[in-house]
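Chemist: Input sequences plus hints: build the corresponding full structure.
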Amino acid sequence: MARADACAGRTLGELARRLGLPVPDDLRRHKGWAGNLVERALGVEAHGRSGPDLPELGIEVKTIPVDSKGRPHESTWVCTAPIDSFEPGPWRSSPVRAKLAKVLWMPLLDADVLADRRVGAPILWTPDADEEETLARDWDALSELLAEGRVDQWHARHGVALQLRPKAARADDRVWVVDADGEWVQTNPRGFYLRTSFTKAVLAREARLLNP
DNA sequence: ACTTGATCATAC
DNA sequence: GTATGATCAAGT
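The numbering of the first sequence is our numbering, which starts it at 71 and goes up by one.
Check the hints yourself; a few may be wrong.
Dumping the calculated DSBU-like pairs for lysine-lysine here, alpha-carbon to alpha-carbon at most 30 angstroms [as the list claims (entries may be wrong)]:
no.: 1; residue 1: LYS101; residue 2: LYS172
no.: 2; residue 1: LYS169; residue 2: LYS101
no.: 3; residue 1: LYS172; residue 2: LYS139
no.: 4; residue 1: LYS139; residue 2: LYS101
no.: 5; residue 1: LYS169; residue 2: LYS270
Label pairs and their computed distance ranges (CB to CB) [stated by the list, open to error]:
no.: 6; residue 1: HIS228; residue 2: ALA76; range: 16 to 24 angstroms
no.: 7; residue 1: GLY102; residue 2: ASP137; range: 35 to 43 angstroms
no.: 8; residue 1: ASP154; residue 2: LEU89; range: 19 to 27 angstroms
no.: 9; residue 1: GLU203; residue 2: PRO125; range: 21 to 29 angstroms
no.: 10; residue 1: GLY90; residue 2: HIS143; range: 41 to 49 angstroms
no.: 11; residue 1: ASP180; residue 2: ASP154; range: 33 to 41 angstroms
no.: 12; residue 1: SER163; residue 2: GLU126; range: 18 to 26 angstroms
no.: 13; residue 1: GLU144; residue 2: GLU203; range: 21 to 29 angstroms
no.: 14; residue 1: GLY113; residue 2: GLU253; range: 43 to 51 angstroms
no.: 15; residue 1: ASP200; residue 2: GLY83; range: 32 to 40 angstroms
no.: 16; residue 1: TRP147; residue 2: ASP180; range: 13 to 21 angstroms
no.: 17; residue 1: GLU126; residue 2: VAL248; range: 36 to 44 angstroms
no.: 18; residue 1: SER138; residue 2: PRO94; range: 19 to 27 angstroms
Hints listed in this document are in silico derivations from the structure and should not be mistaken for laboratory results.
All residues carry an ideal CB built from backbone N, CA and C; glycine is no exception.
Modeler: Here you go:
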């Protein structure tokens, strides 16, 4: 947290200069740049590897683009959705819960120029009872759709907090799955995301705790 | 304006 | 190919 606090208020340009890294003109071809930069600034040693960013602490680090009032602009990637011969399990042992058990949110404030975007106040979050219940309900519904092979329902319009979305390099990427009729069909890979509205509520709640 | 579906780079 | 890091941009 000391390292995270030390990043707060700094611009991405400052962090990059300190690490000797170039700043791209924009993120169109560097979508993970800011996330990787902040991880390096935090001294995350495991970046690029599987598992939590801070394995000893079980903490996942996520940058989140926000406006001047701390409201997120984007949904948040969670993890790949298991769509190939998937056996549904309880929320408690789900990959989504494992990923979200402890998240260090690093807000990145808007700016006209990428290098001028500033890091906001870091937030170490664990889902509270209400959030956990919302996530669990979404998990139960979505994992059932996945397990039943209802491929036509594998779209982004389900879920209050969690949603299913395509996750691939290209729209024509395909994987084989067994559909509801037991037939092998092809579909694109999916992933779990947190809706912007959910993350917005999380950050607002945490902000109130910091600033009652 | 906002959401859904599509996309980009890199490591292993 | 799958995982990491996400944002872009078409669709509604």
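Chemist: Check each numbered hint from earlier against the structure, then list the numbers of those it violates in ascending order.
Modeler: Of the numbered hints given earlier, those the structure breaks are 6, 7, 8 and 10, listed in rising order.
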